[in-house]
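Asker: Residues in the sequence shown are numbered from 10 upward in steps of one, following our numbering.
One thing to keep in mind: the hints can contain errors.
The calculated EDC-like cross-link candidates involving lysine to aspartate or glutamate, where the alpha carbons are at most 20 Å apart (straight line), are [to be verified]: (1) 23 x 56; (2) 53 x 63; (3) 85 x 63; (4) 53 x 38.
Hints in this document: simulated from the structure, not taken from any laboratory.
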Amino acid sequence: MANFLLIRELCELKKITIRELASRIGKEDSSIQAIVRNGSTNTKTIEAIAKVLEVPVGVFFDDIPITGIKSNELDKDAKIADLEKIIEEKERLIQVLLSKK
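Using the sequences and the hints, build the whole thing.
Answerer: This is the structure we're talking about:
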């Protein structure tokens, strides 16, 4: 389940406003507020938000603690875990595609 409430917390940690975040991704601040409130958005938008906040997209979907996030780096163990999950999913996809031959 997505946790877009983290957007506010991450903005505070990064010392940027919701309005500034919205501006950087080409959205209105009301759009960001709606994402936080409704808990849903599209992939492109959440990827853009994650890029501006300098966190992996997985931080909004996994139980990665944000308390350890420094201004420009996420805990290395969390990054590794996120990358391992991506690799597992890619390997699964490869197996599915190979089995269709």
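Asker: Decide, hint by hint, whether the structure agrees.
Answerer: Structure-based check of each hint:
1. Restraint check: the Cα-Cα separation between residue 23 and residue 56 comes to about 17 Å, which is no more than 20 Å; the hinted pair holds.
2. The hinted pair formed by residue 53 and residue 63 meets the criterion: a straight-line CA distance of about 15 Å does not exceed 20 Å.
3. The suggested pairing of residue 85 with residue 63 holds, with an alpha-carbon distance near 13 Å, which does not exceed 20 Å.
4. For the given pair, residue 53 sits about 16 Å from residue 38 by alpha-carbon distance, which is consistent with the 20 Å threshold.
Checked against the numbered hints above, the structure breaks none of them.
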